[in-house]
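Quick note on the working numbering: the sequence shown kicks off at 26 and runs consecutively.
Keep in mind the hints are simulated off the structure, nothing from the lab.
Treat the hints loosely; a few may be bogus.
[What the hints assert, rightly or not] The list that follows gives simulated cross-link-like pairs (lysine to aspartate or glutamate, EDC-like), each with its CA atoms no further than 20 angstroms apart: (1) K877 with E850; (2) K39 with D80; (3) K70 with D172; (4) K732 with D208; (5) K117 with E402; (6) K68 with D172; (7) K276 with D263; (8) K288 with D263; (9) K732 with E714.
In this text, all values refer to a predicted model and were calculated from it rather than measured experimentally.
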Amino acid sequence: MLKNPFNNNSLVNKYQSLINQINILETNLKNLSDSELRAKSFKLKQQYKDNQNLDELIAESFALTREASLRTLGLRHFDVQLIGGLVLNNQKIAEMKTGEGKTLVATLPAFLNALSDKGVHIVTVNDYLANRDQVSMGQIYRFLGLDTGLIQEGMSTTERQINYKADITYVTNYELTFDFLRDNMALNLNDVVLRSFNYCIIDEVDSILIDEAQTPLIISNNIQTPIEKYIVAAEITDYLELNTHYKVDEKNKNVVLTEEGSKQIEKILSIQDLYDPRDPWIPYIINAVKANALYFNNIHYIVQNNRIVIVDEFTGRIMPDRRWGDGLHQAIEAKENIPIRQKTETVAAITYQNFFLLYPKLSGMTGTGKTAEVEFEKIYNLSVEEIPTARPIQRNDLTDLIYKDQFSKWNAIAQTCYKISSTGQPILIGTTTVEKSEMLAQLLSEYNLSYQILNAKPENVRRESEIVAQAGKKGSITIATNMAGRGTDIILGGNINFKIQKQLYDILTIAKNYIISKQLDIFKSLLITQFNGISQKFVSVLLSLVTDEKFLTLSDIDILRILRENDRISIPTISYQCSIRYLINELIKYNKKHQEQENQIVKNLGGLYIIGTERNDSRRVDNQLRGRCGRQGDPGTSRFFLSLDDNLLRLFGGPKVQTFMQTQISDDSPLESDLITKSLDSAQERVEERAYQQRKNLFDYDDVLNKQRNIVYYERKRILESVSLQKSIFAYGEQIITEFLFELKDETIPLVENLFGKNLNLNYLSNSKSLKSEFDLYELKIYLFNEFWLTYQSKITELSVYGDGIIENLERSILLINIDRIWREHLQKMTLLREAVGWRGYGQKNPLYEYKQDAFYMFETREEILRHLVIYDLLRSSIL
Numbered sequence: 026m027l028k029n030p031f032n033n034n035s036l037v038n039k040y041q042s043l044i045n046q047i048n049i050l051e052t053n054l055k056n057l058s059d060s061e062l063r064a065k066s067f068k069l070k071q072q073y074k075d076n077q078n079l080d081e082l083i084a085e086s087f088a089l090t091r092e093a094s095l096r097t098l099g100l101r102h103f104d105v106q107l108i109g110g111l112v113l114n115n116q117k118i119a120e121m122k123t124g125e126g127k128t129l130v131a132t133l134p135a136f137l138n139a140l141s142d143k144g145v146h147i148v149t150v151n152d153y154l155a156n157r158d159q160v161s162m163g164q165i166y167r168f169l170g171l172d173t174g175l176i177q178e179g180m181s182t183t184e185r186q187i188n189y190k191a192d193i194t195y196v197t198n199y200e201l202t203f204d205f206l207r208d209n210m211a212l213n214l215n216d217v218v219l220r221s222f223n224y225c226i227i228d229e230v231d232s233i234l235i236d237e238a239q240t241p242l243i244i245s246n247n248i249q250t251p252i253e254k255y256i257v258a259a260e261i262t263d264y265l266e267l268n269t270h271y272k273v274d275e276k277n278k279n280v281v282l283t284e285e286g287s288k289q290i291e292k293i294l295s296i297q298d299l300y301d302p303r304d305p306w307i308p309y310i311i312n313a314v315k316a317n318a319l320y321f322n323n324i325h326y327i328v329q330n331n332r333i334v335i336v337d338e339f340t341g342r343i344m345p346d347r348r349w350g351d352g353l354h355q356a357i358e359a360k361e362n363i364p365i366r367q368k369t370e371t372v373a374a375i376t377y378q379n380f381f382l383l384y385p386k387l388s389g390m391t392g393t394g395k396t397a398e399v400e401f402e403k404i405y406n407l408s409v410e411e412i413p414t415a416r417p418i419q420r421n422d423l424t425d426l427i428y429k430d431q432f433s434k435w436n437a438i439a440q441t442c443y444k445i446s447s448t449g450q451p452i453l454i455g456t457t458t459v460e461k462s463e464m465l466a467q468l469l470s471e472y473n474l475s476y477q478i479l480n481a482k483p484e485n486v487r488r489e490s491e492i493v494a495q496a497g498k499k500g501s502i503t504i505a506t507n508m509a510g511r512g513t514d515i516i517l518g519g520n521i522n523f524k525i526q527k528q529l530y531d532i533l534t535i536a537k538n539y540i541i542s543k544q545l546d547i548f549k550s551l552l553i554t555q556f557n558g559i560s561q562k563f564v565s566v567l568l569s570l571v572t573d574e575k576f577l578t579l580s581d582i583d584i585l586r587i588l589r590e591n592d593r594i595s596i597p598t599i600s601y602q603c604s605i606r607y608l609i610n611e612l613i614k615y616n617k618k619h620q621e622q623e624n625q626i627v628k629n630l631g632g633l634y635i636i637g638t639e640r641n642d643s644r645r646v647d648n649q650l651r652g653r654c655g656r657q658g659d660p661g662t663s664r665f666f667l668s669l670d671d672n673l674l675r676l677f678g679g680p681k682v683q684t685f686m687q688t689q690i691s692d693d694s695p696l697e698s699d700l701i702t703k704s705l706d707s708a709q710e711r712v713e714e715r716a717y718q719q720r721k722n723l724f725d726y727d728d729v730l731n732k733q734r735n736i737v738y739y740e741r742k743r744i745l746e747s748v749s750l751q752k753s754i755f756a757y758g759e760q761i762i763t764e765f766l767f768e769l770k771d772e773t774i775p776l777v778e779n780l781f782g783k784n785l786n787l788n789y790l791s792n793s794k795s796l797k798s799e800f801d802l803y804e805l806k807i808y809l810f811n812e813f814w815l816t817y818q819s820k821i822t823e824l825s826v827y828g829d830g831i832i833e834n835l836e837r838s839i840l841l842i843n844i845d846r847i848w849r850e851h852l853q854k855m856t857l858l859r860e861a862v863g864w865r866g867y868g869q870k871n872p873l874y875e876y877k878q879d880a881f882y883m884f885e886t887r888e889e890i891l892r893h894l895v896i897y898d899l900l901r902s903s904i905l
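Could you build the full structure based on these sequences and the hints that come with them?
Structure below.
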C-alpha cells in the first residue's frame, strides 16, 4: 500500500489500484538479469505493435522503468512519483514541489510512450538542463534498449535529424519551436529535421506555456532601417518633460503624447505633421519616449559587447537571440548610444500556445501550477493535479514585513542577513532585477558579509549551477534574481559534487606541477597527509593518471572542462575519463560522512532561510522562490520584505491601502497586516488576470492566423513529399483559364490585362470584344486548355535536356518560393490589419470579429495570386 501522510487524498485513491499492480510486478522483476529486463522491454514494444494500446502496458512499463532506474542510477521511484508519472500519461500537469524528483518522474511516461516508436519530446527551459537530463536519465532508457537524443544550440541539420529520430529526445522549447518554423521554410525534404509529433512532456510548464507565451516566436529578415530617425528621436527626448509633453502608463507599459508635446516635437523637427503618412515620425518618437521612460539598463536589459541583451523578467536570464519588435529595440540602442542594428520583417511566426497544441498528447510538470490552472484548462485543455510530497513539508512561511519606504526595507534586509548569518544558517535572497541584486550586494559588503551573486551578468551566469548548488552550505549568503527553472537542487550543507570537482581539480593541477619538476615522492607524501584514510587504489589510479603522457599535455582549463563534463559522459571514450570517474566516486565516499554531518548541522540551524525583497507580479514566481527551501521534508523558513513604494503596491494597491499605510507605519518599524497581505494577494490576482487577458487576446488573434498557417504548412509538406507536381501545375493553369472565361462571360466584371495570354503568346486575349464576337466560350476553353498543355509540355522538353529530375525540382522550388513569398507578405498585412481593427472598437464594432472577416478575405485572394505567380515563373523559366 502507498505509505503517505496524504493517503486519504482522492488522487491517491484514484491510482491506488495501478500503484499496487506496479509494486507487485516490481517484486517479480527484481529476480531477472539485466538482459532479461531488456528482453521484457522489447516484448512490450511487440505487444504495442500487435494491439496499438498503450494503456494495457502502463503497469508493466512503469515497473520496468523503476527497476531500471534503481540498477542504473541507484534511484527508486517513490509511490508518489509513480502517481506523478500516471498524471503525466493522462495528459495533465503534475504539480510537484521542489526537490520531489520531477526529472525522474518524467522517465515513466516517456518510456511508456516511446514504446510506440513515434518519438517522445521532453522539453526543458535551457540547454544545460536538456544536456544534464539526457545524460543522467538516458542511462535508464539505454539500459532498456531505447536510444536518446539531445538538441543543443549550434547543431547541424544532420545532427538534429539524427537526434530527433531517437526514441526520446531532450530539447529546449526555444530550439524545438524554431526547428518547426525552419522545417516549414525548407525547400528540400533533406533539410527537414522533425518527424510527426507524438507525445510531449514540458518541464517547468508554467514558465514555458504562460510566462514565455506573452510574445510570439519569430524568424525574420533584415530590412532597410532609417537609423538617423532613431538617433534624432532619442535626442528629442531630452527636450520633453513628463506630464507636460507626454504621460506614462506604467500598468500597460505605454506612453501618450500630449497636444503640447506634439507641438514641441513638430517645432524641433520643423515639420507640419508628426503623423504625415508620407514621412511619419510618430512611431520613432513614441519608441524613443518608451525607451527613456519604461525600459532601464540592468532591469529590462543589459549592455553586453556593444549590444542590447534582453533580461527575462520571469527567470532573470538573458535572452541573447530575442529582440523587441516594432522599432523598440533600435530606440533603446539609440538611447544607449550603441550601434543600431537593422529592423526586421517577419518571415515565420507562431505562439507557444498554438505550437504545443500541435501535439496529439501533451503534459507538463511544475512546482507551481495551481494558481494558473484556469488558463491551462481554457487554452491548453490541461488540468493540474497536486502530487502529494514523499515527506511532510516543514517549511515555515512567515507573514510579510511592510516598511514605509525602500531605504527602510533594504536596511532591514541587510540587518536580518547580519543577524541570521551570525548563527551560520544559510540565506537565499530573491531579487527582481540585476540592479537591485547589485545594490544589495554593496549593502551587505558594508556589514562585512561574504556572499555569492547570481544575476543575468555573464560572469555570474557561467557559475549558475555551482552558486545555486552551494546555497545551502553553512554560513552562505546567496543573492539571486528570479529562481524559476534553475534546475539544481539546493542541498543543506552544500552540494558534495561541486566540492569534489574543485578538490580533484586542485589535486590534479598540483600533481602536474610536481611531475613536471620531478618531485613525485613529495607529492605522494602530501597526498597521504591531506587524505588520511584514502584507499591505496585511489593513490595508484591518481599516480597512473598524472603520469599519463596524454594527460600531461592538457592545460589547467582542459582539466577543469573535463571534470565538469565528466558526469555528462555516459560512456567514457578516453582512458583518463575512466580514471577520473573512479577518483570522483572515491572522493564522494571519503567526503560523504562529512557531508552528512554538515547536512545535520544546517538542519538543526533551521535549514535554508529565504528572503523575498518584494512581491512579484505573479504569485507563482513568489512560490518558486519559497519552494527553494523545505525540499524533501527539510526544515526551512521564508519571509518577504516589502515597502510602500514597491511597484505592486504603488500601481495596484489602491488609494485605501496607500492611506492606511501612511498612517499606520512609522519610519523604521515594519507592519505585519492581514489587510495589506490580502491587498497584495488581490493586487497579484489583478495583475495575473490582466496578463492572462493579454495572452488570451494574443491567442485569439493568433488562432485566426494559426488556421491559415496550418493550411499553408500542410500545402508545403505535401509539395515537399510529392514525387511529381504536374497535376498541381495543370490544375493551376486550368483554373486561371476558367477564371478568365468567367470574367469574359460576366460583363459586369472588368477584364484586366491577362498575363496568362502573354505567357502563351496569345496577344488577342486582351481584346474582350473580339473574343466574345468571334469565339464560342466552350470552344475557347478547349482551345486555351490545349495551348496551355502544349506550352507546358514544350517547357518540360526544353528543360529535360539538362538531366533527370530537373523539371520536378524546378516546379517544387517555384511553388515553395512563391508560397513563402505570399505568406511573408500576408504576415505583414495581418500585422497591419490587427493594428487597424483596434480602432474599429470606437465605432461599436468587435475588433476580433472584424479581424477574422478581413483575414478570411485576404487569405482567399492568396490562392489566386499563387496560381498566377507559379504559372508565370514556370513558363518563363530557363536554366543558363
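Evaluation of the provided hints:
With a CA separation close to 18 angstroms, the supplied pair K877 and E850 stays within the 20 angstroms bound. Between the alpha carbons of K39 and D80 the distance comes to roughly 15 angstroms, so the proposed pair stays at or under 20 angstroms and holds. Simply put, K70 and D172 have alpha-carbon atoms about 14 angstroms apart, close enough for the 20 angstroms limit, and the pair holds. For the hint pairing K732 with D208, the CA-to-CA distance comes to about 18 angstroms; that is within 20 angstroms, so the pair holds.
Our distance criterion of 20 angstroms between C-alpha atoms is met by K117 and E402, whose separation comes to about 10 angstroms. Simply put, K68 and D172 have alpha-carbon atoms about 16 angstroms apart, close enough for the 20 angstroms limit, and the pair holds. Distance check on the hinted pair: K276 and D263 sit about 24 angstroms apart at the alpha-carbon level, beyond 20 angstroms; violated. Restraint check for K288 and D263: satisfied, since their Cα atoms lie roughly 15 angstroms apart, inside the 20 angstroms limit.
For the given pair, K732 sits about 26 angstroms from E714 by alpha-carbon distance, which is inconsistent with the 20 angstroms threshold.
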